[in-house]
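Position chains B, C and D with the ligands relative to chain A; hints supplied.
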Amino acid sequence: MSTLEEIIRTHLQDSRILLMTHLVLGYPSFEVNREVIGQMVQNGVDLIEMQIPFSEPVADGPMILKANQESIAKGARVEECLQFAGEITKEFHIPFLFMTYYNILYKYGLEEFINRAYDLNIKGFIIPDLPPEEGREYLDLVRKQDMAPIQIFAPTSTKERMQRLAENGAGFIYCVARRGVTGKKTDFDQDFNEYIRRCRSATPLPLAVGFGIRSKDDVDFLTGKADIAVIGTETIRLVDEKGAAAVGPFIAGLR
Amino acid sequence: MSTLEEIIRTHLQDSRILLMTHLVLGYPSFEVNREVIGQMVQNGVDLIEMQIPFSEPVADGPMILKANQESIAKGARVEECLQFAGEITKEFHIPFLFMTYYNILYKYGLEEFINRAYDLNIKGFIIPDLPPEEGREYLDLVRKQDMAPIQIFAPTSTKERMQRLAENGAGFIYCVARRGVTGKKTDFDQDFNEYIRRCRSATPLPLAVGFGIRSKDDVDFLTGKADIAVIGTETIRLVDEKGAAAVGPFIAGLR
Amino acid sequence: MIKKGYYGHWGGAFIPEILYETFRELNTFFEDVKKDQAFWNEYVQLMSTYSCRPTPLTYAENLSNRFGGARIYIKREDLNHTGAHKANNVMGQGLLVKRMGKKRVIAETGAGQHGVATATMAAKFGFDCTIYMGEEDVQRQRPNVFWMEKMGATVIPVTDGSRTLKDAINEAFRDWVSNMDSTHYVLGTVCGPHPFPEMVAWFQSIIGIEAREQILKAFGKLPARVYACVGGGSNALGIFQGFMQDDQVALVGVEAGGKGLASGEHAARLAGSDASPGVAQGYKTMFLQNSDGQMLDTHSVAAGLDYIGVSPILTDLWEKGRVRFAAATDSEVMDALELTMKKEGIIPALESAHGFVQAFKEVQNLGKDEAIIINMSGRGDKDIFTIANAYGDPSWKEFIIARAEQYKK
Amino acid sequence: MIKKGYYGHWGGAFIPEILYETFRELNTFFEDVKKDQAFWNEYVQLMSTYSCRPTPLTYAENLSNRFGGARIYIKREDLNHTGAHKANNVMGQGLLVKRMGKKRVIAETGAGQHGVATATMAAKFGFDCTIYMGEEDVQRQRPNVFWMEKMGATVIPVTDGSRTLKDAINEAFRDWVSNMDSTHYVLGTVCGPHPFPEMVAWFQSIIGIEAREQILKAFGKLPARVYACVGGGSNALGIFQGFMQDDQVALVGVEAGGKGLASGEHAARLAGSDASPGVAQGYKTMFLQNSDGQMLDTHSVAAGLDYIGVSPILTDLWEKGRVRFAAATDSEVMDALELTMKKEGIIPALESAHGFVQAFKEVQNLGKDEAIIINMSGRGDKDIFTIANAYGDPSWKEFIIARAEQYKK
Ligand SMILES: Cc1ncc(COP(=O)(O)O)c(C=O)c1O
Ligand SMILES: Cc1ncc(COP(=O)(O)O)c(C=O)c1O
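Chains as they are written, first to last, in the working numbering: chain A, 1 to 255; chain B, 1 to 255; chain C, 1 to 409; chain D, 1 to 409.
These are calculated hints, taken from the structure and not from any lab test.
Any given hint could turn out to be false.
What the hints assert, rightly or not - Straight-line alpha carbon distances no greater than 25 Å define the calculated DSS-like cross-link-like pairs of lysine-lysine that follow:
hint	chain 1	residue 1	chain 2	residue 2
1	C	Lys397	D	Lys397
2	C	Lys368	C	Lys343
3	C	Lys397	D	Lys342
Remember, it's a predicted structure, so these values are computed and weren't measured experimentally.
Next comes chain A alone, as it looks inside the complex (with noise of 0.2 Å):
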């Protein structure tokens, strides 16, 4: 078992659903991002998620995509982003995580950024456009510092298929709610509770549900069904429309 589960099952014991959150580093700055971070921790957030801003990010809906544009645009380097993160990890100490296109990793260098990200604490990697076919190396390195891969479900993935995946990932799980990007609302229905038992059943590893959460209500629907749940888009429009104070209160109330 990675340290990231084994952080996630002790968590586990004393809620019933873990909350994950995600910011893009960078954007508005790094202040607001530090702010940010300071009242998800404060107010109960389990893990988080940093994005180092890719120019191309494909798999973000407009509000996210925009947020990374707008970083790379104020200038911010992803040597920046690291060392951002590294005093981030001193600061707070909950898992951190990065999440960024295969680019960035490997532009820098595969190994180099794995092994740069195990010195800054960070505990795992979501890497949207990396499947695990063309992720080879990336798995055995990333694995090999007790690091996690995290893989990725979607409603679209066969039962085998979440196998396949679920023996290359470690830590937890990202299922994605639904088909689309981020940022748009999803529908709990009845098609949802079935692809999430599929999830279940595909894997031992906990589980994260992502895409279009955004209130007390989804996550109190994902209790008991799912072990995390993945505020995205929503704590971004937060900060852009009322700032980061509003953060907080925000996180305070979801569950």
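Just chains B, C and D with the ligands now, kept in the frame of chain A:
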């Protein structure tokens, strides 16, 4: 010998070269036409060709083209031209010809048109788009009335062609002085002399030379070579620029 | 010698004497090449390597299903180099000019299609080239003027008369009578003095030769009807010739109905009753003219059909009942165009769309075991300024206004 | 199963999990049709009746004489329906979509050429169609937008990123991950995740198959060199495949040199030294990116070459030395275009003109007993707004301003 040729030959006994002028009926108005004709006759013009305007005067240059179009645009009708011609031939006692394009005759009814022209005391026709090959019926009808279907020689005509044309012609031959359309200057040079010799040897009919004759010098040059000098565009220009009254002195100065 | 070139009562060569020798020479050369199989082979070869001949015959399945009558086939002259059947005539005349040893070509153009084709041919053959184009058409069809100039041609705006096609023809004749020794006048359609109607029809007959073979192969039998738009008549005669001997094939020419035959604003010579016999621009045919014989102003949304006369060969076939004539109005044309784009992904030229209109009106009356062919004389994407305009497309207008603002800076 | 589609180090399928099944299905269908001779025959048949295949191989005699070296032949993809080689790929994918039973297609487009081709195909096959196009390109290429809409497609301006081609691709992927059940993404070039490079290359190989046969027939032996412009690389690979096995035939890809390789404003991936290996838009290749892996803004006068990546197949052939790369600057392109119009009466697309530039530079070094082929991927008359603009034509500007005044009324 046609009546027209007889008249010409008679005049030629007194005059080394005759003058034929041209005007476009209805341009700038029938009243001005009348005044211009008066000036011409009083100042010694021997023959006048009255052009019935046509919307597509292919053989004419910009000046006469514009005169055709403005006459039509101002509402000149064929019937009006014919009536006007009748009044003119009553008032002035020199030979008048109709110059126009074939469609005017064709649309009117070929035989009707020719008979009407006869009644109006018109002495002949110049139809630049009606070669003898296309004009069999026309030639017969015109000659039956002892009018002259004027034939045209061009610098490109071979001797055989000229003979052929002359056989179909009467009155005189209209020798186009050069390539091109009406209204541009002609250089009377060695080539021209050779051309006019060729014309002369192809027919016993009197020769008229037209296209680009503008001045006493031109007329002098032609004297002894041709029988008739044709002044076309130049008087139209004169009327445009200086009014009808300028025509008399201009004509008087040509010979 | 010139007294040939009659089709029934129609045709002839009403030319000024100055051009007599030029026509004699042209006739001699033309008679020679007509007999010379090698010339025709060279022509076909040129068209298959420089243009895209044989042009395809496309089965328009969606349109056929939509109307539920005969199968609709489309002869794709739009796929020619320069985008229309005009290329056939022009390249053919180009070969002839080469034989005659002349070094300069002139042409009239209305929409600009024939001008572009001629400028193209001149570039290819290394001839000097002057194009006469009514000033109004120069204004309307600037893109074509741009291409002609880029291909090295001189475009002269004609400011006389109605400043459109017929005036451009007159002006080209005026050039020719001045420069006939060096110059050939590449007439753009099956009109004008003999031998032009015969010559242009001969070059365009390549369309019908191909189409007949293609329909037999694709459909197994001859079409019930063949439709083509008629401006001067060259694309129509081009395809009709392939089926002239087949009495069971009805041939339908479609003229510009403009704002309706009753409106007077149209260019229907044979479909309407406004035309009468006349002689102009060197030949005898049915002209839109007044009772004095003065030519009328015509109107069509399709510049290429906006002409006072029509091929003497077609007038003869009309008189003899071999070709039937109809007219399509501007608004019917826009509808047929829209439908064809949506259903088949094909953009007919506004001219060509006239043929589609009449075919669409009639196709449902024919059985499913029949076929018809529509001759698509050209492609419409060259007509963006006219088409976007005709549809009144608001984004197009905004685009043009924005572009103009940039240019004003 | 998906772990295929590598060419040396390049290629792959870096796709989000949600598309895994879609790609599995696509791969299965593609593998099936590849083995199915009847499918290929159907494809060739379609292209020969709906488009104009085989497209001609034109001998450019005047250009050849002008340079005095090898004979120049031009492969005429401009004569395809919709005016470019894009039709080949699009119609092929259309047939595949029909097999898969999907009812909707989406596509990205830069210049608008691929968008028009896809909208055309969708109209022909009766599919719903959505085209993603960078907002900036929508502004620049309004005529193409107009035609796409007229053919029934919905054009969505993409307002993210640099608002050009790569952003349109991202946006198309975003649509696809939402609608993969009903929808096929018709990628426009030999890039993207496997099987797209292989599939597009397969459909485009029709160019090279024809060209090889044609040059042997016309010239009696293989060409010394084959030139093609390279945006994504589809027209280049299309023709190169015909000569891949012929070691004596040099294959030359020409990229957009923009304002010069030193200026940074270009789109030369393989000809320059600004690109480096990367993974984006689903595949691994040489990308124009910064040291962080962020993609750079590119520049070219030719919108269709203005792209950050390049086909993994070409990158492999470059690495192996089988294909040589060069770049042509914007101003060289305008000169080559002008010369080609004047000498041959042919208007290459700005993209295609890049190939002409390099060919003109090299052709004089080859003997008269040699031949070269330039692949003319498309026609330039669709680019009037760009070309007239690039030449700064004053009459064109006046025309646009006058038109705008009319529209303002
Ligand atoms: C596309 C197209 N079709 C038809 C015509 C009409 O000419 P014709 O009747 O000679 O085919 C034109 C003339 O410009 C044209 O451009
Ligand atoms: C005419 C033309 N040529 C070339 C290209 C470049 O694409 P590729 O390199 O895939 O052929 C394009 C792309 O839009 C194009 O329109």
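Are the Cα positions of C/Lys397 and D/Lys342 separated by 25 Å at most? Roughly 32 Å separates the two Cα atoms, so the pair is violated.
Agreement of C/Lys397 and D/Lys397 with the hint, judged by alpha carbon distance not exceeding 25 Å: holds, 15 Å
Within a Cα-Cα threshold of 25 Å, do C/Lys368 and C/Lys343 meet the stated pairing? holds, 19 Å
Violated hints amount to a single one, hint 3; each of the other numbered hints is respected by the structure.
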